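Engineer: Protein chains in written order, with our numbering: chain A, 1 to 377; chain B, 1 to 377.
It should be emphasised that the hints constitute simulated quantities derived from the structure, not laboratory data. It is possible that part of the hints are untrue.
Each computed DSSO-like pair below joins lysine-lysine, with the alpha-carbon atoms no more than 27 Å apart [claimed, not checked]:
1) Lys15/B to Lys151/B
2) Lys151/A to Lys15/B
3) Lys15/A to Lys151/B
4) Lys151/B to Lys151/A
5) Lys151/A to Lys15/A
Restraint-style ranges between C-beta atoms, simulated for each label pair [stated by the list, open to error]:
6) Pro117/B to Phe204/A: 38 to 44 Å
7) Pro117/A to Gly203/B: 36 to 42 Å
8) Ile364/A to Asn201/B: 53 to 59 Å
9) Ala58/A to Asn44/B: 24 to 30 Å
10) Glu299/A to Leu301/B: 56 to 62 Å
11) His350/B to Glu45/A: 27 to 33 Å
12) Ile364/A to Pro11/B: 20 to 26 Å
13) Pro117/B to Ala287/A: 42 to 48 Å
14) Pro117/B to Ala295/A: 39 to 45 Å
15) His350/A to Asn201/B: 54 to 60 Å
16) Gly292/A to Thr170/B: 53 to 59 Å
17) Asp168/B to Phe352/A: 52 to 58 Å
Residues from chain A shown here face chain B by an in silico Cβ test under 8 Å; the list is partial [stated by the list, open to error]:
18) Asp52
19) Val55
20) Thr69
21) Asp70
22) Trp105
23) Phe110
24) Gly142
25) Asp143
26) Lys145
27) Thr158
28) Thr262
29) Leu368
30) Arg375
On a predicted model such as this, the values are computed, not experimentally measured, just so you know. Using N, Cα and C, we set each Cβ at its ideal position, and we do this for glycine too.
If you want the building blocks of each chain, they are given just below.
Number of protein chains: 2
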Amino acid sequence: MSRIRTGYVRPLDIKHGHVDMTHGSGGRAMAQLIEELFARHFDNEFLRQGNDGAVLPAPTFSGRLVMATDAHVVSPLFFPGGDIGCLSVHGTINDVAVMGATPLWLAASFILEEGFPLADLDRIVASMARASSVAGVPVVTGDTKVVEAGKADGVFITTTGVGVLPDDLTLSGDRARPGDVVLLSGSIGEHGMAIMATRENLGFASPIVSDTAALHGLIAAMLATDADTIEPPRSLRSLPPQGANVGLGRPRADIRCLRDPTRGGLATTLNEIARQSGVGVMLDETAIPVNGEVAAACEFLGLDPLYVANEGKLVAIVAPADADAVLAALRAHPLGARAAKIGEVIADDHHFVQMTTGLGGRRIVDWLTGDQLPRIC
Amino acid sequence: MSRIRTGYVRPLDIKHGHVDMTHGSGGRAMAQLIEELFARHFDNEFLRQGNDGAVLPAPTFSGRLVMATDAHVVSPLFFPGGDIGCLSVHGTINDVAVMGATPLWLAASFILEEGFPLADLDRIVASMARASSVAGVPVVTGDTKVVEAGKADGVFITTTGVGVLPDDLTLSGDRARPGDVVLLSGSIGEHGMAIMATRENLGFASPIVSDTAALHGLIAAMLATDADTIEPPRSLRSLPPQGANVGLGRPRADIRCLRDPTRGGLATTLNEIARQSGVGVMLDETAIPVNGEVAAACEFLGLDPLYVANEGKLVAIVAPADADAVLAALRAHPLGARAAKIGEVIADDHHFVQMTTGLGGRRIVDWLTGDQLPRIC
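All chains, please: the whole structure from these sequences, using the hints.
Structural biologist: Structure (structure tokens):
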């Protein structure tokens with residue numbers, strides 16, 4: 001995404017204009033679109049380099065790199081609480097952050113449909129730029145392609161994130177152990193039901209608002225939690241407890257794994273972790289927060305909130321001794337105010353996720369099969 | 001792109017099956033597609049981590065990072081010499097490599113159209129995996145989305161690359177100076193005309209074959225060229241010449257800038273550099289290699305090869321003293337066998353690219369305006 005003044009005859013008509021095939025041709029029209037729309041919103045020292053790739057400074061702290069990518073094809077493009085623009089920033093930041101890494105940079109690639117209103121594109125890119133700026137993770141490079149009308153659906157956005165992970169920290173889906181506590185950062189189902197309600201034109205008194213948000217700040221707060229250990233004698237303080245994630249010579253609360261339950265919802269995310277770790281999970285239905293409107297919309301549409309996508313929530317599997325401290329850290333952050341202990345990891349050779357229901361029964365919470373909610377992100 | 005055995009009832013029917021909406025849902029069908037198709041081809045230690053992002057080792061040498069991203073929407077998906085799969089690997093490797101960086105990792109995101117044959121997807125992913133393996137740049141993380149039939153065009157692939165750039169090397173479009181030499185690594189127009197000939201069903205005796213290739217090996221050879229300096233006294237050897245790119249304490253040939261002339265072709269790439277550096281360029285038409293079939297196809301379709309996309313060629317702007325050495329390095333590599341000196345950088349306040357023609361005339365080679373070849377990459 002280079003930014004070059006080519007001396008255009010007229011400025012881009014962002015108010016009334018439309019994307020046409022020349023905007024993807026690599027020529028003058030594309031340079032103008034990049035300069036007058038993309039670079040205007042995303043402006044930063046990296047994009048201003050104007051070359052085929054962005055040269056980035058070496059990270060200020062050492063560690064391993066984390067890389068994650070996500071295509072966004074959400075429909076509709078605009079929904080209560082957000083749009084494809086901010087969603088594409090939050091989604092990829094979260095994928096980097098749940099690895100324990102500090103997200104540093106984003107790349108963004110746009111596939112535009114011929115005829116797409118420039119005003120909508122401008123609104124989407126402005127929203128991306130705002131989300132990126134609030135999160136402190138700049139869009140450093142990008143690409144734009146255009147396909148003929150009828151060969152795409154408005155705009156698709158792929159974002160790719162790079163972050164840095166401290167050498168002494170490993171969060172992974174295969175680290176859950178029987179006895180671990182399952183924490184959830186807040187109420188589920190809001191993103192998916194905001195999309196569905198818009199799509200189905202459900203006229204609720206107050207619309208359901210997507211929870212789309214960048215979670216790296218919340219995660220940083222969780223990772224800063226001290227381990228709940230008996231203070232060791234001064235001579236032993238530099239020896240980390242075996243197997244635990246430690247930081248700065250001080251034992252860090254042992255978070256085994258973090259995940260953001262997007263497509264497939266909480267149910268699918270927990271099944272993935274159960275399978276990867278070779279364990280089972282027992283959930284307590286009454287402990288899982290679901291907002292009233294989400295519950296009502298799910299019932300109306302015959303959907304189960306456990307399978308509905310979230311875009312600003314996380315699941316944490318935490319060693320039992322540290323669960324209360326991590327829960328307190330979650331609740332102390334605005335994005336985790338309704339965090340709850342929703343279950344525990346159990347030994348189970350079948351790797352089932354089960355749930356005790358409000359009525360005292362018990363059911364299997366299986367993988368999502370079929371397609372509950374297409375194009376949710 | 002996690003890889004999890006979920007105990008599928010039947011293996012994926014890659015021979016006769018089609019992509020359906022469940023393959024993008026986040027549930028069991030998606031996990032199966034990832035495991036039995038994507039992970040089978042791309043298999044490596046990073047994908048096997050099975051988490052939301054890939055944890056990558058710290059690069060083995062220090063330096064700045066380079067990040068580049070490219071969406072690929074080429075139509076048709078298969079063409080003589082390649083397909084969207086290998087193209088998406090080569091394109092992004094080249095964007096990282098022309099910055100002077102060593103490409104290390106790729107992320108890949110797929111947008112699939114419902115109904116797309118799994119056999120075609122398998123062929124494309126196999127081609128990507130082969131290109132990635134030959135280049136030594138693994139696909140470490142990925143994502144898959146599915147949209148309804150008629151909302152995309154088979155498959156779109158965005159790849160994002162990360163590489164490492166030595167601290168003492170800067171290649172940038174704003175470094176060209178009057179007197180610099182313009183080198184081209186080989187004949188132009190093959191990729192674009194391979195696509196156009198397929199699209200228009202042009203029946204040439206021998207088909208035009210795309211030049212799609214990863215250029216990082218060729219670029220490494222160029223960067224290893226010594227500067228053509230008079231051997232300094234031993235006591236001064238550790239002092240690099242001012243302003244030049246130096247490596248390993250030894251003066252490196254001063255390559256100002258590298259670019260791969262893709263969309264918009266050689267003409268647009270040189271216009272970008274002229275604008276960024278505030279210079280002009282004078283080309284010699286007779287020095288620019290164009291294959292006979294490409295010239296014939298261009299004439300037949302009324303196209304100018306200067307504006308036709310290449311996917312395995314590069315332009316180098318080189319300081320005059322080092323041009324012959326860099327040209328020799330290009331020609332010594334299989335991908336640069338037909339490399340040529342095609343012009344020079346001149347002072348020009350209008351930043352025009354001009355060309356002396358075979359007939360002794362002179363013409364302006366403007367930016368591409370309009371849309372010569374849509375969806376070429």
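Engineer: Against this structure, judge whether each hint is valid.
Structural biologist: Hint-by-hint comparison with the structure:
1. Lys15/B to Lys151/B: 24 Å, holds
2. Lys151/A to Lys15/B: Holds, at roughly 25 Å.
3. Lys15/A to Lys151/B: Answer holds: Lys15/A to Lys151/B is near 25 Å, not above 27 Å.
4. Lys151/B to Lys151/A: 6 Å, holds
5. Lys151/A to Lys15/A: Status holds; Cα separation ~24 Å.
6. Pro117/B to Phe204/A: 38 to 44 Å: 41 Å, holds
7. Pro117/A to Gly203/B: 36 to 42 Å: 41 Å, holds
8. Ile364/A to Asn201/B: 53 to 59 Å: 55 Å, holds
9. Ala58/A to Asn44/B: 24 to 30 Å: 25 Å, holds
10. Glu299/A to Leu301/B: 56 to 62 Å: 60 Å, holds
11. His350/B to Glu45/A: 27 to 33 Å: At 28 Å between Cβs, range holds.
12. Ile364/A to Pro11/B: 20 to 26 Å: For Ile364/A and Pro11/B the Cβ distance comes to about 24 Å; the hint holds.
13. Pro117/B to Ala287/A: 42 to 48 Å: 45 Å, holds
14. Pro117/B to Ala295/A: 39 to 45 Å: With Cβ atoms ~41 Å apart, the hint holds.
15. His350/A to Asn201/B: 54 to 60 Å: Holds, at about 56 Å.
16. Gly292/A to Thr170/B: 53 to 59 Å: 58 Å, holds
17. Asp168/B to Phe352/A: 52 to 58 Å: 57 Å, holds
18. Asp52: 4 Å, holds
19. Val55: Result: holds, 5 Å to nearest chain B Cβ.
20. Thr69: Check passed: Cβ of Thr69/A comes within 4 Å of chain B, closer than 8 Å.
21. Asp70: 5 Å, holds
22. Trp105: Constraint on Trp105/A satisfied, holds at 6 Å.
23. Phe110: OK, holds: Phe110/A within 8 Å of chain B, min 7 Å.
24. Gly142: Result: holds, 6 Å to nearest chain B Cβ.
25. Asp143: 5 Å, holds
26. Lys145: 5 Å, holds
27. Thr158: 4 Å, holds
28. Thr262: 7 Å, holds
29. Leu368: Holds. Min distance 3 Å.
30. Arg375: Interface hint status for Arg375/A: holds (6 Å vs cutoff 8 Å).
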